[in-house]
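S.K.: Chains A and B are the protein sequences, given in the same order.
Position one of the first sequence corresponds to residue 1 (the working numbering), numbered consecutively onward.
Position one of the second sequence corresponds to residue 116 (the working numbering), numbered consecutively onward.
Because the hints were derived from the structure by calculation, they are not lab data.
Keep in mind it's a predicted model, so treat the numbers as computed, not measured.
Among the clues, some could well be false.
Stated by the list, open to error - What follows is a set of in silico ranges between Cβ atoms, one per label pair, in the way DEER data are often shown: (1) 12(A) / 217(B): 25 to 31 Å; (2) 128(B) / 60(A): 35 to 41 Å; (3) 17(A) / 217(B): 29 to 35 Å; (4) 128(B) / 53(A): 47 to 53 Å; (5) 44(A) / 141(B): 19 to 25 Å.
Every residue, glycine too, gets a C-beta built ideally from N, C-alpha and C.
Listed below are the residues making up each chain.
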Amino acid sequence: DVKVTQSSRYLVKRTGEKVFLECVQDMDHENMFWYRQDPGLGLRLIYFSYDVKMKEKGDIPEGYSVSREKKERFSLILESASTNQTSMYLCASSESGQGVDYGYTFGSGTRLTVV
Amino acid sequence: DAKTTQPPSMDCAEGRAANLPCNHSTISGNEYVYWYRQIHSQGPQYIIHGLKNNETNEMASLIITEDRKSSTLILPHATLRDTAVYYCIVGETSGSRLTFGEGTQLTVNP
Chain A
1 DVKVTQSSRY
11 LVKRTGEKVF
21 LECVQDMDHE
31 NMFWYRQDPG
41 LGLRLIYFSY
51 DVKMKEKGDI
61 PEGYSVSREK
71 KERFSLILES
81 ASTNQTSMYL
91 CASSESGQGV
101 DYGYTFGSGT
111 RLTVV
Chain B
116 DAKTTQPPSM
126 DCAEGRAANL
136 PCNHSTISGN
146 EYVYWYRQIH
156 SQGPQYIIHG
166 LKNNETNEMA
176 SLIITEDRKS
186 STLILPHATL
196 RDTAVYYCIV
206 GETSGSRLTF
216 GEGTQLTVNP
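Given only the sequences and the hints, what does the whole structure look like? Please build it.
M.R.: Right, here's the structure in full:
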């Protein structure tokens, strides 16, 4: 069964801490995405990556960075966590096209609370 | 990406067809219509997508109007497990970034 695995389901961190959210996919997908989901705001794209070592800013990149050193792993980094980054974080991956399109595959999410 | 408009909520009786509408009047010629759903506390799940023609798979059917300005997702025999938020999205392919709106909360009642 194909999977996108997020390292933690629930996470509590303190303000100012550096936080790493890890995402691993086993489908050999080229594309990976990080979203955050908040009530009333839907899913908002933070960063995405179309290949190893490349990254693109999404709609709300401020306060975040990403790393993609290997094809299967896409990490989201909160350089200095703040309370307004308390949210559900969702990772997704997808194929690049070439006539094949099975949509995004999402992980189960990480609910991060910053106190 | 073109914007979509969906009703915030809908109800459906168990065993009946659920028809979820979506307007996407600014869709461009190379954009697909995608549908996802999100069951509470889980990540969204891909359901189906289409460009011009109607599409059907084991989960649902997608009806796209001839002018492509609107579409309907049909769950032919809704079950309680179909209760979820359904998102209609337009985008070039799943290889590109997709913008999720608020979706429609579908509640299937016994």
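S.K.: So, for every hint listed, does it hold in this structure?
M.R.: Each hint tested on the structure:
1. At about 27 Å, the CB distance of residue 12(A) to residue 217(B) agrees with the hint of 25 to 31 Å.
2. A hinted range of 35 to 41 Å for the beta carbons of residue 128(B) and residue 60(A) is consistent with their spacing of about 39 Å.
3. Between residue 17(A) and residue 217(B) the Cβ separation comes to about 31 Å, which falls inside the hinted range of 29 to 35 Å.
4. Look at residue 128(B) against residue 53(A): about 52 Å separates their beta carbons, and that is inside 47 to 53 Å.
5. At roughly 20 Å, the beta-carbon separation of residue 44(A) and residue 141(B) lies within the given 19 to 25 Å, and the hint holds.
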